[in-house]
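Heads up: the protein sequence lines correspond to chains D and Y, in order. Quick note: the first sequence uses our numbering, first residue 1, plus one each step. Quick note: the second sequence uses our numbering, first residue 205, plus one each step.
Everything labelled a hint here was simulated from the structure, so no lab data went into it. We put the beta carbon where it would ideally sit given N, CA and C, even for glycine. Some clues are possibly wrong.
What the hints assert, rightly or not - Each computed BS3-like pair below joins lysine-lysine, with the alpha-carbon atoms no more than 27 Å apart:
id, chain 1, residue 1, chain 2, residue 2
1, D, K150, Y, K386
2, Y, K215, Y, K265
3, Y, K265, D, K33
4, Y, K265, Y, K218
5, D, K11, D, K33
6, Y, K237, D, K61
7, D, K33, Y, K213
8, D, K182, D, K150
9, Y, K265, Y, K237
10, D, K61, D, K11
11, Y, K218, D, K182
To be verified - Far from chain Y, by Cβ distances over 10 Å, these chain D residues were calculated:
id, residue
12, A7
13, K14
14, E24
15, E62
16, R74
17, V84
18, V91
19, L92
20, R95
21, E103
22, R129
23, Q160
24, M173
25, S194
26, A196
27, R198
Unchecked claim - To be clear about the criterion: a stretch of chain D counts as covered by chain Y if any three or more of its residues have a C-beta under 8 Å from a C-beta of chain Y, and this derived list gives those stretches:
id, segment
28, 27 to 37
29, 42 to 56
30, 148 to 158
31, 161 to 168
Protein chains: 2
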Amino acid sequence: MAEAVAARKRKVTKRGATRRQLLEVAGRLFDVKGYTGTSIRDIASAMDTSISNIYHYFGSKEGLWNEIHRNSVRQLPVRLREAVAAETDPVLQLRRLLRVHLELADQFQRESRIFFVNADQVDATRNSRQRQIQREVLDVYLEVLQRLRKQGRVRMRHPQIAAFNILGLLNWMLRWYRPEGKLSAAEVHREIISFALRGIGIPD
Amino acid sequence: MAEAVAARKRKVTKRGATRRQLLEVAGRLFDVKGYTGTSIRDIASAMDTSISNIYHYFGSKEGLWNEIHRNSVRQLPVRLREAVAAETDPVLQLRRLLRVHLELADQFQRESRIFFVNADQVDATRNSRQRQIQREVLDVYLEVLQRLRKQGRVRMRHPQIAAFNILGLLNWMLRWYRPEGKLSAAEVHREIISFALRGIGIPD
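Please work from the sequences and hints to get the whole structure.
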């Protein structure tokens, strides 16, 4: 009895490990070759497994994509809203928002690149889900920026453009920043936050 | 004789028109579906022509890609260097650089998106040519920013990060700006230029 339980546990653990490995390999390929450029065959051969094994775990390439999405960027809007809710002064809200966003971008660097930066726009459903999250992220920034403008503490004419500019800084970093480079993540984040705040007229 | 010349001219003109139309259609598809996601067959069917006709004009999908590249973003580094050379004061150099860059981004909005923003990274040669141009563009900014720092007129610690931030603003605009929207291109450009200058500590 105890042995049967142990055997089932080993099986579940092994299943979990294979799943995680498949997600990892698929994520790497989607990042480098794009969703369209990556076939189930590519993923299978990179993992030295069969195509049917991947279908067994995820149903389809779309299933893999959804799972990576769910484990990463789908959490972003909620985490950003929490960051804002933790402060009352809008300057502090924006600072915390930027810090948390940059930390999450680090944590999900590859996934953010897949879903926000390199996303090939081939499938309308997939694309609309990505846009939905980007829209939610944009809204978090817009609300804080509008609050700042109402208080007369910023110099921008159009909060919308400022919000896009800030997202441009953050998302572009996903392209150029290499953790193995000369500058630490903390240093890069500090510079980007200063640039963003000064950009809208808040001196640091 | 005159008739033969006229007939040849008509043929040449028609050839030119077909070429331009193929470039236009391919550019649109590369923009929406990515290079990998677009097949020669897609282009042929969008133009209601044969695949062999496309091979006749461009040799390959790669040939089409190269031609679009040559007609657009390949000119960017040269035009940006000219903008810098037209001024002596580095603040004015940066202002003109930003203005010219935004104008070119407008002119080549789709192509810039194809080559800089949505580029799928599937082919090493193609990717390295794109990176080369991005590197040259980055260098133009870096030189001006280093000059500004030498004169003690800016507040950034790392010109490299500032240059990436500025390119982030400009390239991100290719994603979100819609000419048919509420804001005019001139208004958007003005805001982005102010944001960039303030971002590095130059008041506007």
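Okay, the hints, checked on the actual structure:
In summary, the hint linking K150/D to K386/Y is supported, as the alpha carbons are separated by about 21 Å, within the 27 Å threshold. The suggested pairing of K215/Y with K265/Y holds, with an alpha-carbon distance near 24 Å, which does not exceed 27 Å. Pair hint K265/Y plus K33/D holds up; C-alpha atoms about 18 Å apart against a cutoff of 27 Å. About 21 Å separates the Cα atoms of K265/Y and K218/Y, which keeps this hinted pair within 27 Å; it holds.
A distance of roughly 32 Å separates the Cα atoms of K11/D and K33/D; the hinted pair therefore is violated under the 27 Å criterion. For the hint linking K237/Y to K61/D, the alpha-carbon distance of about 18 Å falls within 27 Å, and the restraint holds. Proposed proximity of K33/D and K213/Y is contradicted: the alpha carbons are some 44 Å apart, above 27 Å. Between the alpha carbons of K182/D and K150/D the distance comes to roughly 40 Å, so the proposed pair goes past 27 Å and is violated.
For the hint pairing K265/Y with K237/Y, the CA-to-CA distance comes to about 14 Å; that is within 27 Å, so the pair holds. Restraint check for K61/D and K11/D: the C-alpha separation of about 24 Å stays at or below 27 Å, so the hint holds. Proposed proximity of K218/Y and K182/D is contradicted: the alpha carbons are some 55 Å apart, above 27 Å. Residue placement check: A7/D keeps its beta carbon more than 10 Å from all beta carbons of chain Y (closest about 43 Å).
Look at K14/D: its CB is around 33 Å from the nearest CB on chain Y, clear of 10 Å, so calling it non-interface holds up. Against the 10 Å criterion, E24/D stays outside the reach of chain Y, whose nearest CB is about 19 Å from its own CB. No Cβ of chain Y comes within 10 Å of the Cβ of E62/D; the nearest lies about 15 Å off, and the non-interface call holds. At the 10 Å boundary, the C-beta of R74/D stays outside the reach of chain Y, the nearest C-beta of that chain being 20 Å off.
V84/D, annotated as away from the interface, keeps every beta carbon of chain Y farther than 10 Å; the closest lies near 21 Å. Chain Y leaves V91/D outside its interface by the beta-carbon criterion, the shortest separation being 15 Å against a cut-off of 10 Å. Separation of L92/D from chain Y is adequate, the least Cβ-Cβ distance of about 20 Å exceeding the 10 Å criterion. Consistency note on R95/D: stated as away from chain Y, and its beta-carbon is indeed over 10 Å from all of that chain's, at 15 Å minimum.
Even its closest Cβ contact with chain Y, about 17 Å, leaves E103/D beyond 10 Å, as expected for a residue assigned away from the interface. Its beta-carbon lying about 17 Å from the closest one in chain Y, R129/D satisfies the requirement of being farther than 10 Å from that chain. A beta-carbon of chain Y is positioned within 10 Å of the beta-carbon of Q160/D; the least distance is around 8 Å. Distance to chain Y contradicts M173/D as a non-interface residue, since its nearest Cβ pair spans about 7 Å, not more than 10 Å.
With a cut of 10 Å on Cβ distances, S194/D falls inside the contact zone with chain Y, its closest approach being about 8 Å. Taking the minimum C-beta to C-beta distance to chain Y, about 7 Å, the non-interface status of A196/D is violated against the 10 Å cut. The beta carbon of R198/D sits about 5 Å from the closest Cβ of chain Y, which is not more than 10 Å, so the claim that it is off the interface is violated. Figure legend: the segment 27 to 37 of chain D, annotated as covered by chain Y; annotation consistent (5 residues with Cβ-Cβ distances under 8 Å, at least 3 required).
Chain Y is given as covering the segment 42 to 56 of chain D, and this is violated because 0 residues of the stretch bring a CB closer than 8 Å to a CB of that chain, at least three being needed. Using a Cβ-Cβ cut-off of 8 Å, 4 residues of the segment 148 to 158 of chain D lie near chain Y, which meets the minimum of three, so the contact claim holds. Evaluation of the coverage hint for the segment 161 to 168 of chain D: fulfilled, as 6 residues show C-beta separations to chain Y shorter than 8 Å, against a requirement of three.
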